[in-house]
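Asker: Here is how the chains run, residue by residue.
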Amino acid sequence: MCRQACPVGHVTARETYTPHAWALTIESVKRGQLQWTPEVTDVLWACADCGLCQAHCVTDRPLPEAIVAARTSVASNGDAAPAVRAIDEKLRAHANPYRSDTPLSRGGKGPTALFVGDAGLHLGAAEIAAAVRLLSAAGRTVVQICEGQSSGLLASSLGLRDTAVTLAKAVLAEIARAGATEVLVLGAGDQWTFEHVYPFRLGLDWPAGVIVRDVADVLADAHAQRALPLRPHEAGAYAYVDPCHTARIGRSRQAPRALLAAAFGAAHARELFWREHRGHPCGSVGGLQFTHPDIAGRLSDARLEDGKASGAGWLVTDDPACLSHLRGRASTGGVPVRGLYESLAERL
Amino acid sequence: MSKALTTDVRQSLEAIVGPDHVSTRDTDLLTYSVDAYWMPQMWLDRGHRTPTPDVVVHPASTEEVAAIVRIANEQRMPVVPWGGGSGTQGGALPIHGGITVDLKRMNRILEINERSFTVTGQAGVNGGQLEWALNDRGFTLPHYPASANCATLGGYLAPRGSGTISTKYGKAEDLVMSMEVVLGDGTIIRTPVVPNHASGPDFMRLFLGSEGTFGVITEATMQITRLPEARLFRALLFKDVATGLEAGRRMMTSRLDPLVIRMYDPHSTALLVKRVLGYELSGAYMIIGFDGFADIAALQEQRAMQVCLELGAQDLGREPGQRWWDHRYDFYYPPHTLKLPAMYGTIETVSTFDRIEKLYDAKKAAIEGTFGHLGVEYIGHFSHWWRWGASLYDRFLLKEAPEDPREAQVLHDRVWDVAVHTSLEHGGMVNEHHGVGLKLSRFMPAQYGAAWPLMERIKDAMDPNRIMNPGKVGFEGKQS
Chain Z
1 MCRQACPVGH
11 VTARETYTPH
21 AWALTIESVK
31 RGQLQWTPEV
41 TDVLWACADC
51 GLCQAHCVTD
61 RPLPEAIVAA
71 RTSVASNGDA
81 APAVRAIDEK
91 LRAHANPYRS
101 DTPLSRGGKG
111 PTALFVGDAG
121 LHLGAAEIAA
131 AVRLLSAAGR
141 TVVQICEGQS
151 SGLLASSLGL
161 RDTAVTLAKA
171 VLAEIARAGA
181 TEVLVLGAGD
191 QWTFEHVYPF
201 RLGLDWPAGV
211 IVRDVADVLA
221 DAHAQRALPL
231 RPHEAGAYAY
241 VDPCHTARIG
251 RSRQAPRALL
261 AAAFGAAHAR
271 ELFWREHRGH
281 PCGSVGGLQF
291 THPDIAGRLS
301 DARLEDGKAS
311 GAGWLVTDDP
321 ACLSHLRGRA
331 STGGVPVRGL
341 YESLAERL
Chain A
349 MSKALTTDVR
359 QSLEAIVGPD
369 HVSTRDTDLL
379 TYSVDAYWMP
389 QMWLDRGHRT
399 PTPDVVVHPA
409 STEEVAAIVR
419 IANEQRMPVV
429 PWGGGSGTQG
439 GALPIHGGIT
449 VDLKRMNRIL
459 EINERSFTVT
469 GQAGVNGGQL
479 EWALNDRGFT
489 LPHYPASANC
499 ATLGGYLAPR
509 GSGTISTKYG
519 KAEDLVMSME
529 VVLGDGTIIR
539 TPVVPNHASG
549 PDFMRLFLGS
559 EGTFGVITEA
569 TMQITRLPEA
579 RLFRALLFKD
589 VATGLEAGRR
599 MMTSRLDPLV
609 IRMYDPHSTA
619 LLVKRVLGYE
629 LSGAYMIIGF
639 DGFADIAALQ
649 EQRAMQVCLE
659 LGAQDLGREP
669 GQRWWDHRYD
679 FYYPPHTLKL
689 PAMYGTIETV
699 STFDRIEKLY
709 DAKKAAIEGT
719 FGHLGVEYIG
729 HFSHWWRWGA
739 SLYDRFLLKE
749 APEDPREAQV
759 LHDRVWDVAV
769 HTSLEHGGMV
779 NEHHGVGLKL
789 SRFMPAQYGA
799 AWPLMERIKD
809 AMDPNRIMNP
819 GKVGFEGKQS
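Each protein sequence line maps, in turn, to chains Z and A. Each residue of the first sequence is one higher than the last, beginning at 1 in this note's numbering. Each residue of the second sequence is one higher than the last, beginning at 349 in this note's numbering.
Warning: the hint list may mix true and false statements.
[Said to hold, decoys possible] Output of the computed footprint for chain Z on chain A, the stretches with three or more beta carbons under 8 Å from beta carbons of chain Z:
(1) 374–388
(2) 449–455
(3) 465–476
(4) 680–694
(5) 762–773
No lab work stands behind these hints, which were simulated from the structure alone. These numbers come from a predicted model, not from an experiment. The beta carbon of each residue, even a glycine, is placed where N, CA and C say it ideally should be.
This is chain A alone, in the form it adopts within the complex (with noise of 0.2 Å):
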């Protein structure tokens, strides 16, 4: 789809953004080809170069991305926004090359409302160093991803995120209250900054999980809470998944709002577990964590434990609960992450109570019966909690992967079927939180059904010449 970076182009751009911030270096290109997926990480690894853009910019305004837009628009070029690279489902890969739109110049934190609890900030600010602004004045944004001290605002939001205490405070879609967006066109919207509407249909909502195919999230303006004065964590012990699966709809639904609910399946119990926190146990662990006024979360604790206890569960107390918290997202760094050589890939998903257990079960046996024999192992925990479900955060792990990187992609995307299907046969979704990318772009058409033509429909009218991030999200460009 891509045309090659013409001269004229290139000044146009430059005319923009200045030439300081428009690159055709080799070291930057190969920089915006790569980001947490692991096929573009096991290519390279395997010593093969990925696609890239034709072209890095770097503006500093919403009106300097709309130009860039616009300019893409009359030469038909894919427009792919970064933020911090830290997406694992290869949203941001130039996989068409193209212009790549870095939004990290766009890095101010433009108000911090202390009267309406709000912050408003350009896509570009760094989740990390927004959280220390905020925390300096007493605040915090309650959207916790292992990512945040890589990821951005908008990259926040863009693939619906969640964060690890999004069972008390929502996911980062419901932190947010209003967004300006440029399109496809070039054109620039805003959403109204108030808590909730009833003057027509949300369609800020629309790009929510739209990663960059319906426009450039420029700007947004997020819900912030107040430091808490107490957070208190806490572990146990349960003899099974099913058990503690029941232990978490129960303090669900009886609405004692936990902050964080996670347990570890058994297998993950003593894999990671053990790994990372030195625990060595047999069963499934569980956290859970209360936080607010510390006599209010206290009490909250205290009847979550009369509900655990009285399922069987081992009160294993406050340290190892704590020294979870501390260490939440040592899971995800070197050197306890999962890691190349090896395949791995987390296939996570969600469901209502009713059903969740039966898609673990599910899930668990497609991998392991379909791949077991090739060393494919199939481990999970439940990291979010909502009053009707849960979310099933599951992996797959082949230690040995083949060294060939057709063979390793082939085996790959079977794996991957295979998991995303029996989800979608057993009530699941193709994804919870780490949205759709290039990874799981496949997978929309029989996700919406019937109502996919649709989607493709809504993209048409917010991207004319299907620009924005193609090959994402389910949405092809279109043939030049």
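Looking at chain Z on its own, in the form it has when it is part of the complex (with noise of 0.2 Å):
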């Protein structure tokens, strides 16, 4: 009954693919009235495991997690559709789903790391290195970890449990290594598999005493002390895109908000439907974009959408997945897309 907020339900405009249908398929398979065939299993893959219809349950109703847990029993039993085997082959391999030809590279030690993980050095390179000149600008010394390694997200929303697990004992085994205590990270994604995924699904224990923070929080932070001036630029009329799993990590996406404002001006800020609490995922999640490209294009081609009807004549967004999945999209005559990163390191 969550259903105003499903963005697969929203763009397929399918009962399939709602919510209720989710949890009725997987009844419906329990009580045998239906059986894990490749029809059955494709539906069940379609959930974003984006979290907008938990966070947006009246009464906080685990459904992702009943859907991941339902995904993991299929995929375990070897029912999984050969996409989803395929990407868990692939991160068993080489630890991402994109490449197989970059090594993993060690970063370096220190107290502060930034999460890189596989998105941000295959999907969003020039992203990451923005970030971090705007950290060095704002007096921020950081160690780049887990360069193209996945944090077990993607796995996890597949129901490759295994795979995730030891994806995820990779990136603590990094963080330990460098000996950080405080991890940033680059959208909501990464924060939220940190904070939950790790404990809850996987049963990892985050390090006690090492922080998660999100990069636009420690920018927004240090140009309010005027530790990073940004120089004032007119760019006209644009829109921040949430990341992906915006809304279930229940905090304000405020930060990207300032720092867009005091670069390209408060005025020029238009807002999307699809905003904070009620962020739609832009494509890039749960493995859609592996396993069903057409419902993955439909939630970016509604991003854009989206974008263009509040009035932007860009559109800007964080998170390296993200950006990368929406501007693939926008390539083909949408609106154009920027790296929140990028854009403000030219205003340096």
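Put the complex together from the two separate chains, hints included.
Answerer: Printed below as a string of structure tokens:
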């Protein structure tokens, strides 16, 4: 009954792709009224695992966890779709689903670590570099860790629990090796992974004394304290696209907006309909871009249409995967999409 | 009645909406075979499949809906409109198979008119999304059913739904200004977009409550209002239902214009109010609410409190009132809602102030007297008020329902028979705001009496081949 927020239900307009129906499908299999045929597993894996249903559920029902648990059960029986199994093989072999020719690199040591991850290295290297420049300008020295290393969120969402645990343990080992007491992340997905997926889905303790902060929060604080001057620039109307998983972390995304207002003017800020607590994912979520590229594409197109409807001339986001995904769709005629940190770094 | 889907029919449907929008997948057929009615959920829960559509189609426009209905007419196939699937009466169940027409692709908000205070949308727009869009511009569609986040605009109107604040703002049917409808022969009609008129009978109202049996609602223009400056809530405790009803009657007849009056009977207070809100109280728990300009709302509340306190009510303060408002939907969602494997039903009705208390007493006595020995419980609250009467939202509950589905169905229908006939015998109606659907269809001739044949003739005029949602609202299909 939380379907008003469900992005997949919205873009597909199918009853079968709603929170209610995913629960019904799982129950129907348990009752013996459906079997995990390719058709039924296709439905199960069409959920984005974006968390919006639970975030908007009046009684906080953990449907995403039930869906992931069902996927885990199906996958462990070998009944997952070939696309899911292919992702599993890539993650196991290369720790990322994107490339097989780039070895993992070890980061340095230091108290503040920037989690780069697989999407950061393979999809958003320029955004990572810009974030580092901005942090440096703000007087923050960071070491980059886990370059090319999946956090385990993708595997977790797809029900590949063992793979997710292996990947997560590698991340935790890297954090320990770096000696970090503060891990900076780009976007809500990594924050949710570290704070929720690790302890609650995968049963892995987050290291005591290590805090997780969003880079935008760090930079916004620095800007407010006059430690990060940004040169104002007229670039027309823009809109910030909240990254995937924003709704489920339950925290304000005012920091990116404050930074954009400082650099590009508050008067030029526009807001999407699907924003903040109801922020729809861009399509690069829950593995949909691999298992259901059609739905992922529709989610992206919906974000771009939302941006156009807001009156924005350009869109901006910070999560490297969201940025890459939206840019890919925008290149076919949509509104331009820019990286938050790339845009801000130009204003140093 | 349904003919099996032929290749030709499927191809015709695909030609209208596109192959991607026609489905006979088993998961789809199962999904569209169950709504929020206890009966199909019970059969599924007990391990049995229920009737499914032959095919599900997803039109994107009114013209596509009309084309689908024309094909259905040619083939004499049932057409069952589907919005959000949140109906509790089985109104969207494809009991004779046929074509289920899911309207959710028709989800565009066409216009928010800030000068005339109206919103026009396609029938498939989700209620929650519509409300977000209005709120972003400082407006609200003051129809707040518990199903709002699931239901669609068309689904608001088809069964004549009520929302939490209908006491002040009216039911969905009071908020609609115009509708576009596809009739049973594929004709598209639209009613005038005017506040009211005297240009002949208001035929738009025929479609309110028709639940897809006269046609498919494809678009509607609704009245909207500004979000209020203030909303004030307060909780009170009355010693019994009779005193609380008298307080409500006095508030309504003196036109204090409350946003909401909600009074739980002592059993509901002990069971539901305790479970959901955490208050352990003995008596009848009442919420009153007022909204609008803050000073005017405060004055209305002050006068209402005078009424209640004169009748001996205990003022529980604002916090429990606000808490009820904040959690008003929790009553209807897991883990608080009534759920399987129990047997339950909302047997709500409506009557005038001079009869409503006796109606409540009679239903309570009838349900508990007839089925109490089986463990059936009766609870109720008074949820929607007019200046002439109130709605009794009463329910029966059997925690240990028969495991055998046929046995469960027979008992369920027996309880409903007693509940509805008691309502009718005491000046109530078959239903006030959930609609008729499949569940109450058999009671319609008794409800309408000598007027029922007229309703049948209207049905034949609207839907000559009786393909539109057969078996609902008292209208059967034609036997082929």
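Asker: Taking the hints in turn, state whether each one holds.
Answerer: A quick look at each hint next to the structure:
1. 374–388: holds (count 7)
2. 449–455: holds (count 4)
3. 465–476: holds (count 4)
4. 680–694: holds (count 4)
5. 762–773: Check failed, 0 qualifying residues.
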